[in-house]
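These protein sequence lines are chains X and H, in that order.
Heads up: the first sequence begins at 1 in the working numbering, then just goes up one per residue.
Heads up: the second sequence begins at 1001 in the working numbering, then just goes up one per residue.
Don't read these hints as lab results, they were simulated from the structure.
For every residue, glycine included, the Cβ atom is placed at its ideal position computed from N, Cα and C.
Be aware that a few hints might be false.
Heads up, incomplete: computed chain X residues facing chain H, CB under 7 Å, no partners named [claimed, not checked]:
id, residue
1, SER40
2, GLY44
3, GLY137
4, VAL139
5, ALA248
6, LEU251
7, TYR435
8, GLU439
9, GLU452
10, GLY455
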Amino acid sequence: MPDSLCFVSACGMLGYGYPPESLDRAMTRRPAMLGVDSGSTDSGPYYLGSGKSFVTPQQVIRDLEPALGAARLAGIPLVIGSAGGSGSRVHVAALTALLRQIAARRRLRLRLAVIHADVDRTVVLDAMRQGRVRPCGPVPPLDEPTVRASNRIVAQMGTGPIRRALREGADVVAAGRACDTAIFAALPIERGFDPGLALHAAKIAECGTLCATPGGANDALICTLAEEHFTVEPANPAKRCTPETVAAHSLYEQPDPNCFYEPEGKVDLSDCRFEQLDERTVKVSGSRLVPAAQATVKLEGTRLVGHRAIAVAGIRDPAAIAQLDELQQGVRRSVARSVEGTLREDEYRLRFLRYGLDGVLGRHETARDNRPHEVGLVIDAVAQTQELADYVLSLARSTALHQPFPGRKTTAGNLAFPFSPSDFQGGPLYEFAIYHLLELDDPDRLFPVTFEEVG
Amino acid sequence: MRLYELAEVIRSKNAGPFVLTIDLMFGDETALKRVLEAESFTSRQIAALYGVPAEATRICPFPRIHTIKVSLPRPGASSGSADDTDVYGSQHHFPLGNIAV
């Protein structure tokens, strides 16, 4: 085992951008690996459900091309996790297509490892029958109809499959859905570094310079692992890490700042020390891995709920704002009468988002009695098909415009529409139906690694 | 004083599509203690504000950086589902910010 190992995270999310000088500066440290996270569930279920990416191909190319060029020039592996955003087969295919395009343009030859993370419904159903699937957090227990209704299921791989790809000589790893930590911890663990330190360093690295000040995910971070500690340093000389900024990162998107869970086990941070090493570098020690007694992977699955159509309008009339509840009830009743015979009550949803009143918090808003001078209204209709959603919205929108209410003076129209057309199609609506842990004796078997010579 | 005024940072975010996590960062230990000892600051009362079960609501102090983390099930809907109003969970530090401490 070497004394130390340096790796670089190009930025917090492939496509969010990073200054090219930061990558150049990071590469002068002769890192052993360059990695970048490409995925998240933050932007909601639509992207896994639809197979689309939440960043555009142009954004990906802008970030990927210099990273791939730098990695090939240095002869080090480039590891991309949760390819294409949600990391399913179609997402991975979209990313590898861009990789091949860049390689051809730059005349690069490389050994590409592709790791898929899709999980067949039968695998989940079999595991459920054996009692090996359980909720991950406040999620209902999984049942068979939910699994059958899911249109796409992926599992988050740990370090195992990426280690295998690196062991077998991958120049570039395009991993499907992966734990953020797996991207960066795979190589250090493969080379014999402490897995607790490696996973903690990886956890910080996956967000780029979010652990620095000034923060933000869109810049490169340099991590160096040693036997009993690791260091983190932003590549950009205008940024610095402090013990406080690095410790604060342990809070980010995690329910518990003292530990986090990965397929490898629980990473315990309660004895962690953060020390200022030099002006811009922080040394971290004491992170410990408590290996899991039973290996699990996290499953993510989506199902199609229906289709959506929305209209946006403003209300400036004080009486309309005061009587908004009444107005909405009138619209609901009228729509229900109009769709009678076509749609049952449970076959469509009609929602009024009232910005200025309680659009964000809904019934949990405590200040909704303070009536403002203006309200932004989003009328949201969901039904099985786009055609039906459009129909419900059109009825609701036209009714809301002319709906009478007590004390009405604005008898020519209740709503100011900023746009013509007023109605917009939201397309298919998905929801997360599966967010569960799957117990496996050999979790790596779920993630097949294949190789391809590019160029 | 409202919690919102006392905190230097008060931010909310999803911790996965089903959990909301709210970070409250204070300038010093005194402010941190003031909140932790406030009668209004219990998991039961926070859960009631959001209409979620108290037993699923956790208060986790992180004194190293004068911070408290509050984690709770997402009120009402998972991220991006038909009934959701805040896909990233970024604006759900209220009504918590309103409580008097």
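Query raised in the report: Taking the closest Cβ pair, is SER40 (chain X) under 7 Å from chain H?
Result: 10 Å, violated
Query raised in the report: Minimum Cβ distance from GLU452 (chain X) to chain H below 7 Å?
Result: Violated: closest Cβ of chain H sits about 33 Å from GLU452 (chain X), beyond 7 Å.
Query raised in the report: Can we keep the GLY455 (chain X) interface hint, with Cβ of chain H closer than 7 Å?
Result: Check failed: Cβ of GLY455 (chain X) comes no nearer than 39 Å to chain H, outside 7 Å.
Requested in this report: Answer holds if the nearest beta-carbon of chain H is closer than 7 Å to that of TYR435 (chain X); otherwise answer violated.
Outcome: 6 Å, holds
Query raised in the report: With a cut-off of 7 Å, does the beta carbon of ALA248 (chain X) approach a beta carbon of chain H closely enough for the hint to hold?
Result: The hint holds - ALA248 (chain X) has a Cβ within 7 Å of chain H, the shortest such distance being about 5 Å.
Requested in this report: Let me know if the C-beta of GLY137 (chain X) comes in closer than 7 Å to any C-beta of chain H, holds or violated.
Outcome: This hint holds: GLY137 (chain X) lies near chain H, its Cβ roughly 5 Å from the closest one there, short of 7 Å.
Requested in this report: Tell me if VAL139 (chain X) is really an interface residue toward chain H, meaning its C-beta lies closer than 7 Å to one of theirs.
Outcome: 5 Å, holds
Query raised in the report: Does GLY44 (chain X) pass the interface hint, meaning its C-beta sits closer than 7 Å to a C-beta of chain H?
Result: Where the cut-off is 7 Å and the nearest Cβ of chain H is about 3 Å from GLY44 (chain X), the hint holds.
Query - Interface hint outcome for LEU251 (chain X) [beta carbon to chain H under 7 Å] - result: 5 Å, holds
Query - Satisfaction of the GLU439 (chain X) interface hint, Cβ to chain H closer than 7 Å - result: 19 Å, violated
This entry does not satisfy hints 1, 8, 9 and 10, going by the numbered hints stated previously.
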